[in-house]
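S.K.: Required output: the full structure, derived from the provided sequences and hints.
Sequences listed follow chains A and B, in order. Note that this note's numbering has the first sequence beginning at 1, numbered continuously upward. Note that this note's numbering has the second sequence beginning at 1001, numbered continuously upward.
No wet-lab data here; the hints were simulated from the structure. Since this is a predicted model, take the numbers as computed values, not measurements. Using N, Cα and C, we set each Cβ at its ideal position, and we do this for glycine too. Errors might be hidden in some of the hints.
[What the hints assert, rightly or not] Below are the SDA-like pairs computed for lysine to any residue, each with C-alpha atoms no more than 20 Å apart in a straight line:
id	chain 1	residue 1	chain 2	residue 2
1	A	LYS120	B	ALA1266
2	B	LYS1208	B	ASP1363
3	A	LYS120	B	ASN1089
4	A	LYS120	B	HIS1071
5	A	LYS127	B	TYR1013
6	B	LYS1128	B	GLU1094
7	B	LYS1332	B	VAL1351
8	B	LYS1074	B	CYS1061
9	B	LYS1074	A	GLU205
10	B	LYS1074	A	TRP121
11	B	LYS1107	A	ASN228
12	B	LYS1128	A	PRO227
13	A	LYS120	B	ARG1339
14	A	LYS120	B	TYR1087
15	B	LYS1332	B	VAL1215
16	B	LYS1358	B	GLY1261
17	B	LYS1128	A	ASN228
18	A	LYS120	B	GLN1082
19	B	LYS1074	A	PRO227
20	B	LYS1074	A	GLN219
21	B	LYS1302	B	ARG1339
22	A	LYS65	A	TYR279
23	A	LYS120	B	TYR1013
24	A	LYS98	A	LEU188
25	B	LYS1119	B	PRO1108
26	B	LYS1020	B	GLU1297
27	B	LYS1119	B	GLN1181
28	B	LYS1332	B	ALA1266
29	B	LYS1119	B	GLY1136
30	A	LYS127	B	TYR1087
31	A	LYS120	B	SER1054
32	B	LYS1332	B	GLN1348
33	B	LYS1177	B	ARG1153
34	A	LYS120	B	SER1073
[Said to hold, decoys possible] Facing chain A, according to a computed beta carbon distance under 7 Å, are these residues of chain B, among others:
id	residue
35	ALA1085
36	PRO1088
37	ASN1089
38	PHE1098
39	GLY1099
40	ARG1103
Listed below are the residues making up each chain.
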Amino acid sequence: MSAADIVTARPRRVYSSQSIVTRIVIYGLLVFFAIIYLVPVIVMVMTSLKPLDEVTGGNMFALPKSPSFASWIRAWGEAAIGVSDTAGISGYFMNSIKMVVPAVLISTLLGALNGYVLTKWRFPGHKLVFGMMLFACFIPFQSVIIPMAVILGLLGQIGNHLIDATGFSFGFGNPTVNLVLCHVVYGLGFTTLFFRNYYEAFPTELVKAAMIDGASFFQIFRRVLLPNSTPIIIVTVIYQFTNIWNDFLFGSTFAAGDQSPMTVALNNLVNTSTGVVEYNVNMAAAIIAAAPTLFVYVVAGRYFVRGLMAGAVKG
Amino acid sequence: MAFLEIKGLRKRYGALEVLKGIDLTLDKGGFLVLIGPSGCGKSTLLGTIAGLESISAGEICIEGQQINDLHPSKRDIAMVFQSYALYPNMTVAENMAFGMEMRGVSKPEREKAVAEVAKTLQLEHLLKRRPSQLSGGQRQRVAMGRALVREPRVFLFDEPLSNLDAKLRVDMRVEIKRLHQRTGATIVYVTHDQIEAMTLATRIAVLKDGELQQVGTPYEVYNTPANLFVADFMGSPSMNLLEGKVSRSNGTASVVIERAGTVPIAFPVPTSANVETLSEGARVIFGIRPEAVSDLESADGKSKSIMTFTSQVEIVEPAGSDTFVVTSIAGKEVTARMRADSDIRVGQSQVFALNLDKAVLFDPATTHRI
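M.R.: In structure tokens:
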């Protein structure tokens, strides 16, 4: 090859006809499946923006003629939920928030503490303890309902005694507190598993260095372990938030009426047996119910990716 | 009384005993290097001094105070880890101040101490950075700074240079030596690199299989190794070890090394050995360092007994500063150190000069030096 050849031989992207076909197939499939996944969301959003006569009379895929948030407002503040006096889902939404925030925080923190002890402060039988916690991940919701009901009943009695004695229940017997307890206990197996596996790879020399530096058990946990656990904290929070927010079984079993979480209220709204079925209001309520988990994914997911990247780039 | 004293230290993991009765002492300002092959227990020994490992029997004292059961933070020690163990979430300054913070030292005092040490170690421009933004050598210096800033009674170094590249390792070695000379700190240092041990130590303790083989100054350990293991382990290239037999005649004893097909070599018994203990015909191992084997011109002029033999050159290894020549006696390889510019070729017959002042004898049965 002469020098002139080298100069003219610029790198150029050449697509053969075969590779073009491949690309069309790949992108075509991607677009196809994206549409399939998006159709329900699109229908939900469009339906929620239509008045009821347009929903019942028109095509499900037709764009709303004059989009309005009236059914969103109705779902939030006015719609009848089951036989309850409370109007709209706003109260239940707040019930869910009051349940999910403490439940996620407590179960994540306890999981981190368990993981820390199971990897850095090993004791005889630590494998057995971890094995049993792992086993907790495989216990189905349904099988813990009756034992849980017994325990919650006991706590309720304690609450009643406390009210008799002091005039205040200290949270014993409160449905939201009960649900927090259920979700913390049930979630502990998962959060422990996440953190134990993360801390297993965490350099023990850091813990030793902190010990020599004079840090106590909890100081090491708070100052050394936790600040370096962002990725696994995010993973755990996403997982726990989604699970607890979307839980229906515990919510419908252990909380009633005005104290129900969002998922139960949504069910009561949609399954109403009186009057006309307001599809647009149902759709709006469903979107509102799904919004928090979506929000957590969008916000925390970015930190999650960033956390992973920080470890990957380091030499 | 010694500053650091270890008496009858034993460490067992179940049935496995990894430290089998260690006795060691170190004076204030001393630099003790623990050296040995992998798995000899040197890092475990350091861990027991730090308090990160419990002990099964024995006693560890600093300044006469028994510290066996004290928590690591109460022992007034600082440790530099092989992986540096810098807290990734803290800046360099926070890393260095963490120990003082945990001990409740006030913020202005912490900052003052950190600033002083940072100046000594030339870390001032790095104080605001995080460990992930530092190079290996910088991390190493921060790890040392974190230990220095607390002014502990004893510094523990666990193979601190083994994660650095060769050039940086030599630089850091010099820096550690300078630091020791300037601060007069008492240091216990674990390494498997015998050059680090020789250059840094005031005392070397050689370990093997959880037992002390020899404790002494670098000179003693190098020149009068207590047994075959120490002789072989210390020094690079390692000591030449040849099997021979004692022959006594006319009141003088000599070591005879048989050579197949040619005349045996006979050496007078080296001055380091106790002649009285040697009986006629006893088997011995004759040890001599490569630098005590050379050509005639470069043999040590001050030596009281030089002995020559002729042998064929098998391998020539130019190392820049010296040239190592390998020949063989009685089927055993013997390495000699020649001047770098000596004109030696493979296959030629060469006269080698042995400096018998530097030679030692070992008993093959007990492996101890005679």
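S.K.: Quick check on the hint: ALA1085(B) CB to chain A CB, less than 7 Å?
M.R.: 4 Å, holds
S.K.: Starting from LYS1074(B), check that the Cα of TRP121(A) is at most 20 Å away, please.
M.R.: 19 Å, holds
S.K.: Would you check the hint for LYS120(A) and ARG1339(B), treating anything up to 20 Å between C-alpha atoms as holding?
M.R.: Not OK: LYS120(A) and ARG1339(B) at ~55 Å, beyond 20 Å, violated.
S.K.: Go through the hint on PRO1088(B) and say holds or violated, using the shortest Cβ distance to chain A against 7 Å.
M.R.: 6 Å, holds
S.K.: So, GLY1099(B) near chain A? Judge it on the closest CB pair being under 7 Å.
M.R.: 4 Å, holds
S.K.: Decide if the proposed pair is consistent with the structure: LYS1332(B) and ALA1266(B), CA atoms, cutoff 20 Å inclusive.
M.R.: Distance of about 16 Å is within 20 Å: holds.
S.K.: Does LYS1358(B) pair with GLY1261(B) here, judged by a C-alpha cut-off of 20 Å?
M.R.: 28 Å, violated
S.K.: LYS1128(B) and ASN228(A) were given as a pair; does the straight-line alpha-carbon distance stay at or below 20 Å?
M.R.: 18 Å, holds
S.K.: Going straight from one Cα to the other, do LYS1128(B) and PRO227(A) come out at no more than 20 Å?
M.R.: 18 Å, holds
S.K.: For the pair we were handed, LYS1332(B) and VAL1351(B), check the Cα-Cα distance against 20 Å.
M.R.: 17 Å, holds
S.K.: Could you grab the alpha-carbon distance between LYS98(A) and LEU188(A) and see if it respects the 20 Å cut-off?
M.R.: 19 Å, holds
S.K.: Quick check on the hint: ASN1089(B) CB to chain A CB, less than 7 Å?
M.R.: Since chain A brings a Cβ to about 4 Å from ASN1089(B), closer than 7 Å, the hint holds.
Violated hints for the displayed structure, listed by number in ascending order: 1, 11, 13, 15, 16, 19, 26, 30.
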